[in-house]
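Please model the complete structure; the sequences and the hints are all you need to start from.
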Amino acid sequence: MDAKFLSEFKEIEKGIWDLPKSYKLGMRVPLRIVATEKLLKEMDDGAVQQGINVSQLPGIVGASLMMPDAHWGYGFPIGGVAAFDLKTGILSPGGIGFDINCGMRLLTTNLTEEEVRPRIVQIVNELFDAVPTGVGGSGIIRLSKKEFKDVMVKGAAWAVEKGLGWKEDVLHIEEEGSIKEADPEAVSDRAIARGINQLGTLGSGNHYLEVQKVETIFDQNLADELGILQRGQVVVMIHCGSRGFGHQVGTDYLNTFEPAMKKYAIIVPDRQLACMPISSPEGKEYFAAMAAAANNAFCNRQVIAHKVREVFAHVFGKSAEDLEMDLVYDVAHNIAKVEKFQIPNSKSQINSISKKSKTKTVEVMVHRKGASRSYPNQPVILGGSMETGSYLLMGTEGAMQKTFGSTAHGSGRTMSRTQAKREVRGEDLQKKMKKHGIYVKSASFSGLAEEAGFAYKDINEVVTALSTADTSQPVASFKPLGNIKG
Amino acid sequence: MKYRFLPNIATADLAFEAFGRDYNELFENAGLALESAMVDLISLKAREVKEIKLEGENLEALLSSFLEELVFIKDSEQLLFNNILCDVKQMGGGRWRVDAKLGGEKIDRKKHKLGVDVKAVTKHLFKIEVRPDKTYHCQVILDV
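Residue numbers (this note's numbering), protein chains in the order written: chain U, 1 to 486; chain D, 1 to 144.
Be aware that one or more of the hints could be misleading.
[As the list claims (entries may be wrong)] Straight-line C-alpha distance at most 25 angstroms; calculated BS3-like pairs for lysine-lysine:
no.	chain 1	residue 1	chain 2	residue 2
1	D	LYS111	U	LYS431
2	U	LYS432	D	LYS110
3	U	LYS87	U	LYS431
4	U	LYS434	D	LYS110
5	D	LYS113	U	LYS434
6	D	LYS101	U	LYS441
7	D	LYS113	U	LYS431
8	D	LYS113	U	LYS441
9	D	LYS110	U	LYS431
[Stated by the list, open to error] Non-contacting residues of chain U with respect to chain D, defined by C-beta distances greater than 10 angstroms in every case (computed):
no.	residue
10	ILE140
11	GLU215
12	LYS358
13	MET415
14	ASP428
These are calculated hints, taken from the structure and not from any lab test.
Beta carbons: idealized from backbone N, C-alpha and C, even for Gly.
Structure (C-alpha cells):
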C-alpha cells in the first residue's frame, strides 16, 4: 500500500485498522481491515480501493471489512465481508463471486504419514481418475433435469440419500449442507445446461484435492474434539465450488441487475458491483438462485468426499468407516446469507467495537467473498498454497463482535497468474515439489505454475493476524503429501 | 499483436487485452485470448464447426455476451475453439449483432494442453475502444 494512503489508517484495536468514512465522499461506513502491520503494508491498492467502493453501497452496516488474505478481485475485494440492512440494503453477485459457495472441506483418517507416504503415488493417481479435474470437466454422475433440481433443493443431503455419504456428514456442514430459500425456478436453463454434467468435479484455478499430514497442533483439546489426534496423522482437504452451474447463475443475474439498477436509482462505483435491493423481486429471485447454486456446491463437495473415501478404502483394503474418514467440517467462503448479530446501539461506538456497550440485535445480509463464517465452536478451514500448507481454526466470539462472524479463507494471492507463469514452469515446479516430498498431478502444467507458493501471502502471517484480532484461533496446521489439481 | 495477458491487474483473475483492425478482428482475437487461457491453441484441431448468432444493445454488451457464449459452450458442449471468424454489424436502434463461425473440438485432457478453466467474464475494468491510431482495442478480466 502507498505510504501516504497507509497513514490514513488507524489501529482501533489490536490487529484491526480503520480508514474513516470521512476519507472519501460517498463512504457510508469506515473501511476496516483485519491485518498485522506487515500485511496491511503489503495489501494491494486495488483491493483497498475495492473495499472503499463497497463502503459506498446502500444499506451497508458497521463497516466494509477486509480479511488479512484480501487481494484485488472484481467488484468486492477477495477477502471482503459486508453486511447489509434487510430493508435498505442490497444484494450483489459481485460480493459473492461467480463461484457461488466455493468452499473448503476437511476429512480425517486414522492413517499416519508412514503408512501413506509409500502409497502416495497410487493414492494421487486413483484420486485423479476418480475426481474429474480441469477445463470443462464433466463428471460420471448423469442426472435428469428433475434430479438436478432435487440437488438444488436438498444440497449435500441429496448425495447422502443416494448412498454417497454418511448420515452424520450433514451435521458437519455449514447450514447442514442445504440453504432453505433455494428455488430451482429462479435458475435459467443455461445454468442447468452448464452444470448438469459436472457434479463431483473439481474444476481448476486454485481448486484442489490434497492429502495432508498434521504438522502442528496448537490446541490439543479442541483438536481432539475434531478428530485431529496427533502429528503425522493424515487428513484430506477439498477446495472447490458450484462449477459451471454457479458461474452461470452469477453471470445471468449480473446481466439482469445492471440495467435494472436504474429502476431503483442505485448508482455503483464499478459495473461489477451491480446490485438490487434485498427486498426487491429481483433481489429475492437472485437470492433463491444463489441458494440453489450454494446447495449444488455442498452436494459437489459431498460427492467428491465420497470418491475420496472410496479411493482410500481401495488402496488400504479397509472400509472408510474403519479408516475413520470423518468429516471435520465443510465451510463456504463465497456466499451471502441472512444472519443475526449484536451490534453497538449508538453510531458513535465505532472506536470501541469489542467493548461491552449497549447492543441491539440486527438481522443482516452478510456477503462473504473469499471469507469464511467463523461462529464460536465452528471449525474454519484455511486453504494455503499447495506448497506451504493449510490451517484448521476455530471460530470465536470475537468474530461475532467485530467481523459479522467472519474470518479469512486462505493465504491470499500476491502475484497475478500471468506473472507467476513467467517466474516458473509447471514441469519444474512439479519436480521441485516432488523433491520436497509432495506428489502433484495436474490436468494443466500452466495451471500448476499459476499456483506456485511464491504467488501467495505467508499463511502463517495471515493466521497471526486472525489470532491477534481474535476473529478465529488456530487448532492445527497441515502440510501436503499429495495433491490433484485442475 | 492479436492479444496479450496483463500481469498487473486483478491478482487472482486473468486480465487480457485484444487488438484488431476492425470489430470483426477484435472479436475474433478476444475470443482466441479467452480460449487460449483454457487450452494451448496449437494442441487443438478444428474438427467441429459451430455457428452462433448474438445480439446486444450496444457493442460492450455484445462483446460480453460473445465471450460468455464461448464459456457456456465450453461447459455445456465441452467444446474449445482455435478458429474464430466473426462478422460484427450495427443494426437499427443502436443495437449490434455478431455472426460467428467457431472451429474446434471436444475437450480431451489426454490430448490437449489444457490451461485454466474460465468461470466467467467479469465487467470489472471492461473496456472497448477505437484508439486514435485506428486500432480497435478491448480489455477484459476473466474469473478463473
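Results for each hint:
1. Only pairs whose Cα atoms come within 25 angstroms are accepted, and LYS111 of chain D paired with LYS431 of chain U is accepted, the gap being roughly 22 angstroms.
2. Restraint check for LYS432 of chain U and LYS110 of chain D: the C-alpha separation of about 23 angstroms stays at or below 25 angstroms, so the hint holds.
3. Between LYS87 of chain U and LYS431 of chain U the CA atoms are separated by roughly 55 angstroms; this puts the pair beyond 25 angstroms, and the hint is violated.
4. A hinted pair counts as satisfied when its Cα atoms are at most 25 angstroms apart, and LYS434 of chain U with LYS110 of chain D qualifies at roughly 22 angstroms.
5. About 21 angstroms separates the Cα atoms of LYS113 of chain D and LYS434 of chain U, which keeps this hinted pair within 25 angstroms; it holds.
6. For the proposed pair LYS101 of chain D and LYS441 of chain U, the alpha carbon gap of about 35 angstroms is over 25 angstroms, so the pair is violated.
7. As the CA atoms of LYS113 of chain D and LYS431 of chain U are separated by approximately 18 angstroms, the hinted pair is consistent with the 25 angstroms bound.
8. Note on LYS113 of chain D and LYS441 of chain U: the hinted pairing holds, with a Cα-Cα distance of about 14 angstroms set against a maximum of 25 angstroms.
9. Restraint check for LYS110 of chain D and LYS431 of chain U: the C-alpha separation of about 20 angstroms stays at or below 25 angstroms, so the hint holds.
10. Every Cβ of chain D is farther than 10 angstroms from the Cβ of ILE140 of chain U; the closest lies at roughly 14 angstroms, confirming the non-interface assignment.
11. Once the 10 angstroms rule is applied to beta carbons, GLU215 of chain U is consistent with being away from chain D; the minimum gap is 26 angstroms.
12. With a cut of 10 angstroms on Cβ distances, LYS358 of chain U stays outside the contact zone with chain D, its closest approach being about 40 angstroms.
13. Residue placement check: MET415 of chain U does not keep its beta carbon more than 10 angstroms from all beta carbons of chain D (closest about 7 angstroms).
14. Once the 10 angstroms rule is applied to beta carbons, ASP428 of chain U is consistent with being away from chain D; the minimum gap is 16 angstroms.
When the structure is compared with the earlier hints, violations turn up for hints 3, 6 and 13 and for no others.
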